[in-house]
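Student: Given next are the chains, with one letter for each unit.
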Amino acid sequence: MAADVKLTRLELDKLIENPKTKVIVCCGSGGVGKTTTAAALALRAAEHGRRTVVLTIDPARRLAQSLGLDELDNFPKRISVEGFEPAGELWAMMLDMRRTFDDMIIAHSDPERADELLASPFYQTISTSFSGTQEYMAMEKLGQLVAEGEWDLIIVDTPPSRSALDFLDAPKRLSSALDGRIIKMLTSPARAGGWGVRKAFTAGLAMATKAVSTVIGGQLLTDASAFMQAFNSTAGGFKERATKTAELLRSPGTSFVVVAAPEPDALREASYFVERLSDESMPLAGLVANRTHPTLANLPATKALAAAEALERQEGNGSPLAAAVLRLHADRAALDQREQRLLARFTRAHPGVPVVGVPALPSDVHDLDGLRIIGERLASAE
Amino acid sequence: MTKPRAGRYTPSAGWTQELRKARLHFVTGKGGTGKTTLAASLGLALASGGRRVLLVEVEGRQGMAQLFDTEPLPYGERHLVSAPDGGELRALHIDAEAALLEYFQMFYNLGFAGRTLRRMGAIEFATTLAPGLRDVLITGKIKECVTRTGSDGRFAYDHVVVDSPPTGRIVRFLDVTRALTDVTKSGPIKGQAQGVVKLLHSPETAVHVVTLLEEMPVRETLEAIEELSDAGLRPGAVMINRVRPPRLPARSITAAADGRVNSSRVRAGLEAAGLDLDAATLDGLVDETVEHAIRIAAERSAMEQLGEAKQPTIEVADLTEGVDVAALYEIADMLVEMGVR
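Residue numbers (the numbering used here), protein chains in the order written: chain X, 1 to 382; chain U, 1 to 341.
Extracted from the complex, chain U is given alone in its bound form:
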């Protein structure tokens, strides 16, 4: 595959020294930008070289199971796939109901009453009535996974990657302090949440934003980065997905985007390659070229706008064939090449 070169418009910092300190990675982005795909690939990239990585899903859509073509994930950590060089990627689907029951179990020893609670819809009720409770429970569980250690004293997971809510909801999701206003002012949940706040605001946590080189995703990316910083959270890399190679020579793009394509030169070139095309086909090729140039010009200005965020950028080339399990490994390789570890 030809390497995308859109990055020449702004220097691409790749995976910085600072990002290497992070162990907890949230991957957000506007809907439709491919955040689930990139979260999975990031997990694979971080797991390569023999590390253990946990991939967490929080939105109940079972996107990971679909992506990896496995059965729906239960509430429980389990092996997902092996990573290059002996690494392992495990997965956990966090369900707020199960997390609340687990919590009750831990602090109130409810026994079977927990099941009754669930049957009556009490859990749904509690999380609907106090929307912040859901976020506190989910981030609490994530923190437990990040800080868990084995009997050898090592962390159970080298990295935890979370396929997170989209840009519009990410700050609310991570702003546990605010979410806490929803829940009771005392009790173990409050104590636990303070530890979560500390972790989320530490250099161990990075929030990566996935975008496409299109107007709306770029605007949402910039807004999310600003909101994250304002909330004292750390924006990580801007992951530019589906970067397609510009085919036209750079100097021709502006003219072509204006509709100026020298069709007699194209015709002469095609003839030199042994193609003798009728006028309609030639016109069609010229129209395609103009559309391509308009898109590339728009992508260029999107790239410049993204540069304003001054965050490290990671470019992921478009895979024309679509995303299957093999493609996830392919993207993971690209990420490793850009320094992800």
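In isolation and in its complexed conformation, chain X is listed as follows:
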């Protein structure tokens, strides 16, 4: 069944070696190995001679430590580990969303205004607990790294979210809530002549807006209003900034790599994402099917199982080791078949999308050697 679908192989070496590739964004739903994939690609690009930086969002602690990133400092740090001498350079950083936000405000306003903005109680909420702020700040940081122009290649990991689409949608959602007409109506008493604005609406609507302010409280609205007025006059509004960074993702030189586990849910998310990228004319490099389990021995599962049963039936089961070896091979062959079936189904739905399967390592990766092996598997260079 899998045989009649022709997989186009994703050639990641060509992508990372191409001097025109400036930004690679690794996307996918949570728990599929995005961060490790991003770090492994960056390591490989550095070893292929490019000055590379990887922007990680929430790396596993031991992976971060192995990269020398034991603390959040929000600026790229060069990875120097003994014996690691890549032809290019490998830099890495972890996103500190609060500091990125602070920096954005400081860069765009005079010191007095900046202090006022940073001290706003509303800013405390928005910079730490808003859904969408992390995605927004990841984009902001990417924009900064691109603007610095110091890197041959920037590889971006995306925030852990239930859906890969959040990375594209969250900044827009956040900015439309903050720049939308509701907040203008509820929070610009000066321009609209106080609550007199109500006259323009029906009595029902007035009641509705009152209900909203009853629920979230007048103080919060006042804080939000003060913050937004100050912010819009300096940084040019959330929406405008979000639009600008979104344009970056459409520019030539940017490629998306979708990472998915060979599981139905993750592949379904990957499908949505692939469709969305094509709707938005954002360039998709292909799909990384992460942690596959290809068999290493050419022996049909049925044959292995039959032999294992024969051994177990023998008196006293003289070869428990051989029987175990046969059974674990049969397990793996069944898993392999299932994964191939799922990937074939994905390819049938998206025939043009190149795919590479990355065989699972038996244990977690937390050093450069482990990342190098993943990199080899990503490039199918084993």
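Keep in mind that the hints were calculated from the coordinates and are not lab data. A couple of the hints might just be wrong.
Stated by the list, open to error - Over 12 Å on every C-beta distance to chain X, these chain U residues come out as not near it, computed from the model:
1. P131
2. F155
3. D158
4. L199
5. R267
6. D318
Claimed, not checked - Now the stretches of chain U that chain X is said to cover, found in silico as 3 or more residues with beta-carbon under 8 Å:
7. 232-242
8. 304-311
All values reported here derive from a predicted model rather than from experimental measurement. In this text, a Cβ means the ideal position worked out from N, Cα and C, and glycines have one as well.
Take the given structure of chain X and dock chain U to it, following the hints.
Tutor: Showing chain U alone in chain X's frame:
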């Protein structure tokens, strides 16, 4: 299917007496561990034996509809499937917007203005501006479902199971007291929320954590359990998903994980079974065996780490064929066998 035996490394307490007191079950876990699947199976298991169970979805991803292969769930309770022995599983997709409108309707009698509010994006605005509001509304609706009684005085639902936000966000989601700092200090929403706090911190509520026997999910599980306890919430069972049977004899695992597999013994055994394999195939089998042993050894230490949490554990065997509706019933059966009721 062969029963998983990984549990012999730590005693598995199964579904304890204390867990049986719970009527409201939150199922959390790191992304990708299968919490939606286990929430659905837990719902089915609790519904078996003629009970009525409500399965609640809160994150707007319609994972339940996909899992049960039905149309997207509306904001409204509806029949999902029948459970073994005459039970019923119903489903509700809680959408914070709809819940806020319902709330406005109840206390302010807004009529059509509610729709205008929605069209203008006011609801999205309110829940974005006050992120805690969303959680207060959702948990408020859940509480209403848990405490609702029929005309006969019995609870409308014997159990309510919530497919919850992932481990990274679960405490924030359930910590209604803190979320309340976001919303106005007075009014009916505050009064309602106090009832929610009481329910969530009572023995009627348990927060189950789904994990895999892998490093990151195990660490997040332990962190979540600690955070839950610190917040005065009750961690329930640790549900270990996708447990695969260790095939190697226990005494061979350490050596094999070190790469020491006696290939001449394997070859002799294979020959005894009538298999005469070439050297490459034999090498491949040995490599697979080493990888298997490394994984089993890692799973063993993950299991030991989980033991530190001292929570009841439930093991769910891996289904190689993947998860479809039939598989949900299969997992529900495993749960019932482990004492879930």
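Student: Confirm or reject each hint.
Tutor: Results for each hint:
The Cβ of P131(U) does not lie farther than 12 Å from every Cβ of chain X; its closest approach is about 6 Å, which violates its non-interface assignment. The beta carbon of F155(U) is kept farther than 12 Å from every beta carbon of chain X, the shortest such distance being approximately 29 Å. Separation of D158(U) from chain X is adequate, the least Cβ-Cβ distance of about 29 Å exceeding the 12 Å criterion. With 12 Å as the threshold on Cβ separation, the claim that L199(U) sits away from chain X holds: the shortest Cβ distance comes to roughly 21 Å.
The claim that R267(U) is not at the interface with chain X is violated, since a C-beta of that chain comes within 12 Å of its own (minimum 8 Å). Not every Cβ of chain X is farther than 12 Å from the Cβ of D318(U); the closest lies at roughly 9 Å, contradicting the non-interface assignment. Counting residues of the region 232-242 of chain U whose CB lies closer than 8 Å to any CB of chain X gives 0, so the stated coverage by that chain is violated, three being the minimum. Counting residues of the region 304-311 of chain U whose CB lies closer than 8 Å to any CB of chain X gives 0, so the stated coverage by that chain is violated, three being the minimum.
Hint violations for this structure: numbers 1, 5, 6, 7, 8, all remaining hints satisfied.
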